[in-house]
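Colleague: This is what each chain is made of:
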Amino acid sequence: MKVFLIAALLAAALAPADLYRSLPSVLKGWKAAGDDEVFDRKTLYRHINGGAELYLTFDFREVLVRRFEHPEKPGMLLEVFDMGNSADAFGVFSCERDGEELGIGQGSEYAGGLLRFWKDRYFVAVTSLGDEELTKHAVAALGTIVADLISSTGALPPLIDRLPREYLQEASIRYFHAAQSLNNIYYLASENILQLDNATECVCARYGSGEGAALLLVVRYPDDRRAAEAAETFLAQYVPEARETGYARMEDGTWTAVAARSRLVSIVFESSSAEEANRLVSGVNNDE
Amino acid sequence: MSNPPYFGMVTRRDFLKGSACIAAGLALGLPERGLSEEKLARVVLVRRKNVLNEQSKVNPDIIHTMLDEAVMALTDRDEPAKAWQSLFKADDTVGIKSNFWRFMPTPKELEAAMRAGVESAGVPAGKIAVDDWGVLENPVFKEATALINVRPLRTHYWAGIGGCLKNYIMFSPNPPDYHPDSCADLALLWRLPAVSGKTRLNVLSVIKPLFHGRGPHHYDQRYLWYYGGLIAGVDPVAVDAVGLGILQAKRAEFFPEKESWETQPKHVMMADTRHKLGTSDLNKIKLITLGWEEGRLI
Numbered sequence: 001m002k003v004f005l006i007a008a009l010l011a012a013a014l015a016p017a018d019l020y021r022s023l024p025s026v027l028k029g030w031k032a033a034g035d036d037e038v039f040d041r042k043t044l045y046r047h048i049n050g051g052a053e054l055y056l057t058f059d060f061r062e063v064l065v066r067r068f069e070h071p072e073k074p075g076m077l078l079e080v081f082d083m084g085n086s087a088d089a090f091g092v093f094s095c096e097r098d099g100e101e102l103g104i105g106q107g108s109e110y111a112g113g114l115l116r117f118w119k120d121r122y123f124v125a126v127t128s129l130g131d132e133e134l135t136k137h138a139v140a141a142l143g144t145i146v147a148d149l150i151s152s153t154g155a156l157p158p159l160i161d162r163l164p165r166e167y168l169q170e171a172s173i174r175y176f177h178a179a180q181s182l183n184n185i186y187y188l189a190s191e192n193i194l195q196l197d198n199a200t201e202c203v204c205a206r207y208g209s210g211e212g213a214a215l216l217l218v219v220r221y222p223d224d225r226r227a228a229e230a231a232e233t234f235l236a237q238y239v240p241e242a243r244e245t246g247y248a249r250m251e252d253g254t255w256t257a258v259a260a261r262s263r264l265v266s267i268v269f270e271s272s273s274a275e276e277a278n279r280l281v282s283g284v285n286n287d288e
Numbered sequence: 289m290s291n292p293p294y295f296g297m298v299t300r301r302d303f304l305k306g307s308a309c310i311a312a313g314l315a316l317g318l319p320e321r322g323l324s325e326e327k328l329a330r331v332v333l334v335r336r337k338n339v340l341n342e343q344s345k346v347n348p349d350i351i352h353t354m355l356d357e358a359v360m361a362l363t364d365r366d367e368p369a370k371a372w373q374s375l376f377k378a379d380d381t382v383g384i385k386s387n388f389w390r391f392m393p394t395p396k397e398l399e400a401a402m403r404a405g406v407e408s409a410g411v412p413a414g415k416i417a418v419d420d421w422g423v424l425e426n427p428v429f430k431e432a433t434a435l436i437n438v439r440p441l442r443t444h445y446w447a448g449i450g451g452c453l454k455n456y457i458m459f460s461p462n463p464p465d466y467h468p469d470s471c472a473d474l475a476l477l478w479r480l481p482a483v484s485g486k487t488r489l490n491v492l493s494v495i496k497p498l499f500h501g502r503g504p505h506h507y508d509q510r511y512l513w514y515y516g517g518l519i520a521g522v523d524p525v526a527v528d529a530v531g532l533g534i535l536q537a538k539r540a541e542f543f544p545e546k547e548s549w550e551t552q553p554k555h556v557m558m559a560d561t562r563h564k565l566g567t568s569d570l571n572k573i574k575l576i577t578l579g580w581e582e583g584r585l586i
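Chains A and B, in that order, give the protein sequences. Under our numbering, residues 1 to 288 are what the first sequence spells out, in order. Under our numbering, residues 289 to 586 are what the second sequence spells out, in order.
Simulated from the structure, these hints should not be mistaken for laboratory data. Cβ coordinates follow ideal geometry from the N, Cα and C atoms, glycine included. One or more of the hints may lead you astray.
Some chain A residues judged to face chain B by a derived CB distance under 10 Å, without partners named [as the list claims (entries may be wrong)]: (1) 56; (2) 64; (3) 67; (4) 79; (5) 98; (6) 99; (7) 103; (8) 113; (9) 114; (10) 131; (11) 183; (12) 189; (13) 190.
Input sequences plus hints: build the corresponding full structure.
Modeller: The structure is reproduced here in structure tokens:
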């Protein structure tokens with residue numbers, strides 16, 4: 001029974017080619033202009049320039065880009081990214097959250113003329129190419145149409161469920177794989193001292209409120225050995241004084257704590273107290 | 289690519305200790321007393337209050353004048369043609385490496401002004417090309433004896449800022465090779481055969497720079513501001529350092545509490561201290577300012 005259910009779910013997921021064929025060409029006076037462009041892993045940098053690197057750290061497959069023009073108003077740019085799976089679609093979405101939730105897709109945010117949302121394996125962006133006041137309604141409408149075309153939904157990364165819930169700032173949750181992504185969120189080191197790569201999963205989030213909110217980072221490695229090695233490298237190169245107790249005070253007066261259990265390494269940065277830091281790393285669900 | 293021995297790894301704790309300032313890419317330096325003018329890198333900043341019209345379109349005549357003024361001040365010539373002739377010869381083949389990022393491309397009017405300047409030096413139109421992504425296949429660029437490097441200045445998700453140094457990434461057959469460690473070694477692009485020794489002029493458009501962005505999409509209208517300027521120089525590191533100084537000043541002015549850089553633009557300092565491509569120390573740069581003074585920030 002379970003096999004049939006899974007097969008049915010897979011069949012319901014919208015294939016990229018089907019989604020692209022269904023995308024609107026006309027919307028409230030805006031019309032698709034020029035040919036659509038499609039960029040894959042090799043050519044993405046031509047479209048996003050330096051930002052391509054982030055997508056390549058996820059399971060990005062390709063992006064369809066469609067430009068809309070209006071005779072009297074600024075244009076819009078629609079980008080539909082096939083991220084390969086819903087966890088990575090959420091991951092890309094989570095790395096840039098800074099706006100108003102518009103209730104589109106499975107998570108969305110709008111600010112500065114840019115609408116971003118994720119749904120199932122897709123990450124979608126709609127950008128105003130001029131004064132956003134003239135296009136905001138159209139940007140939201142286009143996003144809603146595209147979200148509705150994606151009939152299926154996808155699961156959040158399971159690693160998120162391991163985060164302790166008390167005092168968690170939900171909007172601060174980030175999911176990623178690579179060291180550079182971590183550095184963009186929270187600069188740690190010029191070298192990859194946590195040994196992150198495409199096989200590692202990372203989630204981080206802030207706890208508490210206002211100034212001094214602690215940051216919890218949880219990394220899931222492919223096996224126990226890699227987790228142990230990474231924890232050792234981190235301790236040796238970043239906080240050797242935490243080796244005995246698992247926590248230490250930093251130069252700015254905040255506390256860092258480290259814990260490694262089976263395939264997980266949990267680290268707290270910028271905690272206001274040793275007690276809080278230890279509570280957070282202890283609160284991570286390590287059951288494998 | 290190995291680091292010089294005195295650099296090594298930098299961690300967040302080094303910043304907390306205050307020992308990582310040099311490696312952070314911020315242009316620091318003690319005042320060099322008695323540094324003669326000829327040892328200073330020359331950079332020109334020219335601004336106009338009205339380079340954009342009411343429809344936010346670039347005025348082609350004004351930007352042409354600005355560019356000529358910048359080149360004259362840079363080369364110490366009193367006529368535009370003489371200034372351009374001091375940079376380019378009639379038998380040169382010139383590639384103008386522009387930037388086509390769809391959200392903030394190099395203004396076409398600025399590209400046109402550059403073409404006109406190079407033609408005034410006697411270079412035939414057929415031996416001048418403007419390109420970005422296609423430079424490795426462009427026949428003019430393949431034969432180029434001289435390059436102009438031009439783009440709008442902005443913050444950049446992966447490198448901290450997108451300036452002169454970053455603009456040459458398309459000369460690499462594999463751009464991701466230069467992305468590790470926040471693009472710290474972008475200066476190595478300038479050793480590529482297609483580039484090495486050819487750049488005669490670097491220009492950053494700071495007409496409406498982007499001083500903050502979020503994530504890889506990065507373009508955010510809330511963080512554009514009208515500055516109305518061009519920064520020009522022969523030393524790309526010095527030009528980037530001046531641009532970086534302007535962005536830093538704007539960020540300090542705009543954010544009530546200091547907003548940390550999404551990515552530290554340390555490649556500018558590394559281009560100086562690690563790769564010796566040019567100077568990033570504002571104390572070693574002679575900044576010539578022309579035109580509109582209000583809101584100059586540096």
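Colleague: Report the numbers of all earlier hints that the structure fails to satisfy, in ascending order.
Modeller: Those not satisfied are hints 2, 7.
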